[in-house]
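Peer 1: So you can see what is in the structure, the chains are spelled out below.
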Amino acid sequence: MTDAPRRTALDATHRALGATMTDFAGWDMPLRYGSERDEHVAVRTRAGLFDLSHMGEITVTGPQAADLLDHALVGNIGGVKTGRARYTMICDAEGGILDDLIVYRLADREYMVVANASNAQIVLDALTERAAGFDAAVRDDRDAYALLAVQGPESPGILKRLTDADLDGLKYYAGLPGTVAGVDALIARTGYTGEDGFELFVRPEHAVTLWQALTEAGKDAGLVPCGLSCRDTLRLEAGMPLYGHELTRATTPFDAGLGRVVKFEKTTNDGDFVGRTALEAAAARAETAPPRKLVGLIAQGRRVPRAGYPVVAADGAVIGEVTSGAPSPTLGKPIAIAYVDAAYATPGTEGVAVDIRGTHEPYEVVALPFYKRQK
Amino acid sequence: MSNPQQLRYSKEHEWLSAAEDGVSTVGITEHAANALGDVVYVELPEVGKEITAGETCGELESTKSVSDLYAPVNGEIVEINEDVVADPSLVNSAPFEGGWLFKVKISGEPGELLSADEYAAFIQS
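Line order of the protein sequences matches chains H and X.
According to our numbering, the stretch in the first sequence is residues 1 to 375, in order.
According to our numbering, the stretch in the second sequence is residues 1 to 125, in order.
These aren't lab readings, by the way, just hints derived from the structure by calculation.
From a predicted model like this one, the values you see are computed outputs, not experimental measurements.
Incorrect hints may appear among the rest.
Quick list of in silico lysine-lysine cross-link-like pairs, DSS-like style, CA-CA up to 27 angstroms [what the hints assert, rightly or not]:
no., chain 1, residue 1, chain 2, residue 2
1, H, K219, H, K171
2, H, K372, H, K293
3, H, K375, H, K219
4, X, K64, H, K333
5, H, K263, H, K219
6, H, K81, H, K375
7, H, K293, X, K64
8, X, K64, H, K372
9, X, K105, X, K11
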């Protein structure tokens, strides 16, 4: 028996726009409205509007909220200033990644943890369990928020038409409460596209009002509604990892080339946290004898690598595996993120190919990301 | 979405024109093109190749997936659409026209092909 997929507060809006819907982590979400390539290009050059209400919000409050999060997560959360956000991860005792997260410090004793839809229950359960002994409360706020994102170079101009909030003073990875189109919102300068942009957390009953106001305000700037399909190619070009692809429970942050998110020195707890011992070993291994490294691959031909396809050397030996792949609208060529043996991970390594359904297609090894916006 | 009346359709979402001198043009339907999303790569059978109804004879690759192309009839490939090889987006923008895939000289009587109305009912079911 399966449960019917959950629908966001914007479900009727998506259907009225003719969206192709898809099941994503138990949610019925827009995959694309028209051409996913046009949506991708709109975000790179103008602006795109996303419904991300499937993301999982968890609020942590109390005198020891910071201590709890420093214990439960790998980052230095006590060191995050009020109004700022941090990209971090939650690991198990063996150092395996349970999820990657963004944590917003909303007040001295109040944090909002944003988990991936597919892992929200796992994160909620882990935080609740790890809260034992701390004077802090973990609250499931998944139903309390809808989340809209405006991404792309035109997004600051569009948002300024709808808010008095000081957007110029809002740095990347910061969030502040404000009013947008008359609606109370947490306005965050975050995103998953490689572009400047904002994520707006609002109460679900305000989602349609805000969506319509953004659509209207963005009309002249070329803003278009965007689905999850272009979100994936945008994040892939930007070299951002995706849980279930680059990040899994069998992977530590160091194996994923993201060891920098692990802070062995913390503001609270004397640096102790779940997974610390295992992660120290993973850090040492990554330093001396990394098993495989995460790299970028750019196709010379036109066939597209998919997650799970083998990466092979000139002699046909399997030297890695593709974790994400897609045609890149910006580069005009297929690209992939892959784990490859360290000996083949240097950019420019010759003779690397991807086995695309039996044919070895030549690929160039490059450093990530594929795309970096000009600031 | 309308399916041209003069064409016949396979359950694998190919369309087939009425044969002229035994040669039919084959493409995929607008329904299939929409379901695939932006097509970015097509692999077509070579001219001269014998294809067999129901068997794969090529590949259509879109942003998110790859799909087999099935032969709707038995026959020999007599022409492929080089324009669509160069610009696969034609499959999306003009599936029944400039986005045709290949021409086949039919040797075996086509198997189970549908009329436009039957195909419309099939994709609704």
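Peer 1: Would you mind marking each hint as holding or not holding in the structure?
Peer 2: For each hint, the structure was consulted:
no.	hint	in the structure
1	K219(H) to K171(H)	holds, 25 angstroms
2	K372(H) to K293(H)	holds, 21 angstroms
3	K375(H) to K219(H)	holds, 24 angstroms
4	K64(X) to K333(H)	holds, 14 angstroms
5	K263(H) to K219(H)	violated, 43 angstroms
6	K81(H) to K375(H)	holds, 24 angstroms
7	K293(H) to K64(X)	holds, 25 angstroms
8	K64(X) to K372(H)	holds, 23 angstroms
9	K105(X) to K11(X)	holds, 20 angstroms
Of the numbered hints listed earlier, the single one contradicted by the structure is hint 5.
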